[in-house]
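**Student:** Next come the chains, spelled out residue by residue.
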Amino acid sequence: MSDVPNKTGLAPDVAPDVAPGFSPLSADLKVGATTQVILKAALRDLAKEWIAQGKVVAGPVKTKPGLILYAPLASAEEIVWEGFVHPANSAKEFVFPRHELLCRYQMEGNRVELTNGGVEVAAQILIAVRPCDAAALPILDHVFNWDYRDESYNRRREATTVVTLACASHDESCFCTSVGLGPQSERGSDVMLFDLGDAYEVRCLTEKGRALFAGRTQASERTAPPNLGPEPRFSPEHIKKFVDEHFSSPFWQDETLACLGCGACAYNCPTCHCFDIVDEGNGQHGERVRNWDSCQFAQFTLHASGHNPRPDQGSRQRQRVLHKFSIYPEKFGEILCTGCGNCTRNCPEGQGLLTLLTGIEHA
Amino acid sequence: MSEANQFEPKIVAYVCNWCTYLGADLAGTTRLEYPANVRIIRLPCTGRIDFNLLIKAFEIGADAVLVSGCHPGDCHYTAGNYHARRRWILFRELLDTLGFDLRRIYFTWISAAEGRKWQEEITRITEETRQLGPYRELYQKNGFRRPAPPPPPKPPAPNKSAMAAQEQQLRETCTRLLTEGTVQVVIGYGASGPAFIRRAEDVGKLIWNTDCQANLTTYLKRKEIKRLGKAAVVVKGCDERGLVILEKESQIDRQTLRVIGMACDGMGQPKCDTCEVHQPRFADEIIGDVAPGFSPAPADLKVGVTAATHPLDALMKMSPAERMSFWAQEFERCVKCYACRQVCPLCYCERCIGDKNRPVAIDTSATPKGNFAWHITRAFHLAGRCVGCGECTRACPEGIPLGLLNLALARAAEKHFGYQAGMDSKVEPLIGSYALTDKEDFIR
Amino acid sequence: MPDIYTPDLMEVVGVRRHTTDVKSVRIRFQDEERARQFDFRVGQFGIFSAFGYGESTFNICSSSNWKDSLEFCFRKVGRVTEALWRVEEGDTLGFRGPYGNGYPMEKWEGKNLIFLGGGIAMPPIRCAVWYALENRDKYGDITIVYGARTVADLVYVNELEEWAKRDRVRVIQCVDPGGQTAEWKGEVGFVPTVFERAKVAAENSVVLVIGPPIMIKNTLPILEKLGIGADSVYTSLENRMKCGVGKCGRCNAGPVYVCKEGPVFTMEQLQKLPQDY
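If you're matching them up, the sequences are chains L, E and Z in order. With numbering that gives the first Met the number 0, letter number 67 in the first sequence gets 66, and the count goes up by one each step, no holes. With numbering that gives the first Met the number 0, letter number 414 in the second sequence gets 413, and the count goes up by one each step, no holes. With numbering that gives the first Met the number 0, letter number 246 in the third sequence gets 245, and the count goes up by one each step, no holes.
Pulled out of the complex, with its shape left as it was, chain L reads as follows:
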């Protein structure tokens, strides 16, 4: 962290103006008191132990040259700790899988036997996730428990401990600071790790986190310098106002011509959660499953009558912005976006939300 330029130009021991969601030190820590650290080698050993205990441990893995994905680890050696900004995917797969069994049916004549899909979920530890991925989890909690509780999602959430690695750098696709978060944001994390060079500062934020690291850290006076992250690129209030007031504007059609309507953005987004329910099987037996879906697909809102309320890509892109910056905040008090930048990085044409949002900010 020591090579990150201090953006405010102030000396490091003078607390700078902080970006929202950013806390350089734990709230109850007084100056001169100790932090907890763990040597990097010791953390690798700890991860090895978790794997040996049969827990599912997932983190950034180098799948092939140039491609890093969050994936379950076969060994702790696979974790990629540095040298990249963000994996190509998000960590939502571990609480909201791309394909999930809801129930199984078996027909006998005209009788049906139904077995529930609910599976026992093994304890899982997500390690070295980015703050933008961690923050997505409490944001998703709202919709999955809105009056009707999605127990499959909740079971996975319960079984998951999130060990977040604060960011040391960012790229031009990142915009966490525009949505109230930052490279050191603690939202959604059970444990925060801050890179100190040969060790990590460890901040256990919850009981789950403390249970995981109990007795494995040492007291220290070292602590991570603050990292303010990228300059905010837009104001969410401006976005909400614009999208609420310009529903019928040709802006949407004019500014989204480059979008091809695939699902690369939504599927790699930590907060996108739209899904489809289908039956797969034959006349005798089969499964009812839930799969990821995307509001960008042309048939997403197609009625059986042939009517489609969102018949072109502009109206579908409008829905994306509306959902994330207006509907979700109105209903649940949070923006459905953590500024991770995956949409832009994965878009075959380099689009993603940031292009549209900065376009709105300057409209």
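These are computed hints drawn from the structure, not numbers from a lab. Don't be surprised by glycine CBs; every beta carbon is placed ideally from N, CA and C.
Capping the alpha-carbon separation at 25 Å, the derived lysine to any residue pairs in SDA-like fashion look like this:
id : chain 1 : residue 1 : chain 2 : residue 2
1  : Z       : K271      : L       : H306
2  : E       : K140      : L       : I78
3  : Z       : K75       : Z       : I213
Where chain L lies over chain E, by a calculated footprint (3+ residues, C-beta under 8 Å):
id : segment
4  : 213-222
5  : 336-342
6  : 388-397
Given chain L, put chains E and Z in place with the hints provided.
**Tutor:** Relative to the frame of chain L, chains E and Z by itself:
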């Protein structure tokens, strides 16, 4: 034959109604015994068989599959079996690339009079499959470690001043096209991705540099673009061949479309290392010249087919089970985002077969079954049409080397039929046509 | 239901064919305990499964007072409805629900009820009509104007005739111009036109109008002229749905999830929503 614990293979036979089905019937009525391992599915004609049906048979537990129909020349519908033969020659190569066990797939001609041939073939197939054992490798990863990745492509070495001159000339050309009203929109490259210039005063947004990776011809299929009016599209040599196919398939009006071709020395993608189309050939306006040392593309151009060493060669040196393991690992990452489909200029069906549900031909789920079926279909529906622009591979967020499947089919088309896609708009489409001379040396 | 996505198993106890492509099906819970505790409000909908084919969303078109079965009515247009078309008595279907907000029948007490519907919009009106007739003294005059393209497209015809005999109930059936047969004794014309001609008394009324967007668009000015405010005119929206429980992100019209905050809206509410349905 010992009786205890003998493996009884399950054979699925897709047979045509007019010849093989009657041949099987004849075997029955003349009391010729043949193994009961075969399950017969009757279709009107082998020409009707979507080869995904073969995959489905394996998915539900078949150990071998047979496709059988009328002899060439005897098809009840005149040419259905010729189409099937043409398609089968290509589909076989695709299955081989994916690592399917080709020893378990049989293709025969059996006429209504050949009851004995039916008996012999089924007996032979059953015995051969019994020796092979159950088909357990389907979609299996088997813990196989994937081979070393190919070396990274050479980074682009742009001649900056030449590219700047091209950029300037491009803007001048587009200003002219827009002010004269020849086109209402220019589809070009902009600083943050594809740019759609509708007013001459905006041509300054068009750029030309080594970030111009995308194949912009894909936008010609989008209805949001079509309704903007007559279009001009900026293409590189690798992009423009798709226009030949699109014109042949009546998807573009070549008279009203203006094609602006940019001479290109490479964008740093793997395809650039073996590119032979640095100079566009079909464009209305060609901007720039190729670097010295590159001659205009030869008449017998075989783009992408004759690369000296290619990951596909390494793949084909593996055993089928290893290849299947490779693809099973790759497809495990597929999330069904359909970026590969949306980015392809030739995937323009208003409603893709992957989105249809009466019947569900391809599971939408991101499971081994759903993913293999999708990628098999995507590759095969592009057979003879894909021009190797490489966009599918570039677009895939999960880094799956999809272009290898398309390349395998392009090589098959070249090897068996001397066919290259997108070179000549007067050539008949590969899958939609057939020749009486199509070789069938592997059809028994 | 053990969880929100696993349906209840239902036995088909009746199938009725109304037209060449419209059927209604009556189902009851296989689980007796579930049957006993199940309740719903008229105007709510359910998600019905044909196992192996998928789920589809339909209004529950039976009265909430009928405890022996639920009923839904559908047009055969796609994969799931084609499978539902083939069900027979004794078959097993799935049911998830009841979902949605339903009609505010308590709020409508003491009012005159006007029901305007076209074609396949009769079923969501039917449940409200039966409910009102079963609590007759709570409601004022009942007027029903129901039309279809042709005589053969009218559904629940026998019930329409039954309702016409009831106390203070006026039923007007109509078909589109050109849709009448030689024997047709009802009106000829589009529902809004026929309704206007009928000179229905408008004071102290609420209106439930369900039908294709064009029909609703043409009905609203007539209701305005009669002095019926947009907060007294109700409709039931349709949007493509999958989960029914406000999670899959598909059915929203602007900020409103039709499956949870609808499908029943007043015109006043609808006019505030963006054109997203």
